[in-house]
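Undergrad: Model the placement of chain B on the given structure of chain A, informed by the hints.
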Amino acid sequence: MSRLLIKHAVGGRTFIDSDTNQQIQFELKTHDNGKLLITVYLTMEMEQEINELLRWKQELNVFIFDKLHDGRLQKTWYYTGDGEPQYNVAERVLRIESSREIRYLPSNYLE
Amino acid sequence: MIKVYPAESRHSFDLGWLKGSHSFSFGNYFENDNISFGPMRVLNDDTISPKRGFGAHPHSDMEILSIVLAGDLRHEDSLGNVMVTKFGGVQRMSAGTGVVHTEHNPSETEDVTLLQLWFEPEQKGLVPSYEATSFDPDALSGQLLPIASCNAVENSVAKLHQDMTVYLSKLNVGTKVTFKQKPGRRVLLFVIEGRLKVVDESEACKLLSKRDSARIVNETLLRLEGEQGEDETFFMLIDLP
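Protein sequence lines correspond, in order, to chains A and B. Residue numbering for the first sequence is -18 to 92, as defined by this note's numbering. Residue numbering for the second sequence is 45 to 285, as defined by this note's numbering.
One chain only, chain A, in its complex shape:
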């Protein structure tokens, strides 16, 4: 199962982690303009985390981690610098656009 992780790009404070809060759901869709839309459904109150995330919405590191069949961890990082995350308070839905991604295996590098 994939893990969604959203952190502050300056120093790595975690705002959202679907592993530690398994009520968080998310999906990815590609727009006609080629951009990826990451939609995050927050099913419980996360006001503090979301407020902090929105404060730093221009400086987010958005990841999806996947475990490959051979057991290795694959990380996909999404560039979000050319869009602005939107949060619908009533629906508790966070929408993030990404125009670029980097997929890498940490085990291919020194750890």
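These are calculated hints, taken from the structure and not from any lab test. Ideal Cβ placement from N, Cα and C applies to all residues, glycine included. Check the hints yourself; a few may be wrong.
What the hints assert, rightly or not - Covered stretches of chain B (in silico footprint by chain A; criterion: 3 or more residues with CB under 8 Å from a CB of chain A, positions within the stretch not fixed):
hint	segment
1	67 to 79
2	88 to 100
3	104 to 110
4	125 to 133
TA: Coordinates of chain B only, in the frame set by chain A:
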């Protein structure tokens, strides 16, 4: 105005493999009134144990400068760059739309100590790039030597995508340099070794010791002097908007 930040005011920590001091809010050290100084966001003073380092991680839209003070620093990135840098070497990464990299101490025996500086670029969405440059350590004596700047010099002054310059300097006891601060500009001073006397145009004086820093605005002329009691003062001056 010259505001001094003593070394001990930094957020210091010891993880065993990594000993560090953060001058600005970074990670779990977070103070609302210490987020930035102009476009400057990070000044980390790190010491990494042998054969240890930071695994693969991404950056974007940030100018990242690593100044090696002692030991070896190995950089590897998703652009295909692999580089080992020692004292006299500088690594500059313009993260732009994204780059993944690692930083490691490849030595079997020696720590690596480095200053890592992050600056917001003038514009977002730059094409990611990396370079390693070097300066002549002997050229530090008695002058402000630019090591990274918007006015780059191939192989010796790294290119920063921001209207700023990073200088290093070494002053023997009693020697001095001056720096004219232009209106609206900021200056950050950081003493790497020794003690530095900072004198403004009104002859008001501040004394900075090892790892102290100062954030300076609304001054005109700064006189910087190596202070008695130390053989040599090694410091960094950053001129930024």
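Undergrad: Next, verify each hint and record whether it holds.
TA: Hints versus structure:
no.: 1; hint: 67 to 79; result: holds (count 6)
no.: 2; hint: 88 to 100; result: holds (count 3)
no.: 3; hint: 104 to 110; result: holds (count 3)
no.: 4; hint: 125 to 133; result: violated (count 0)
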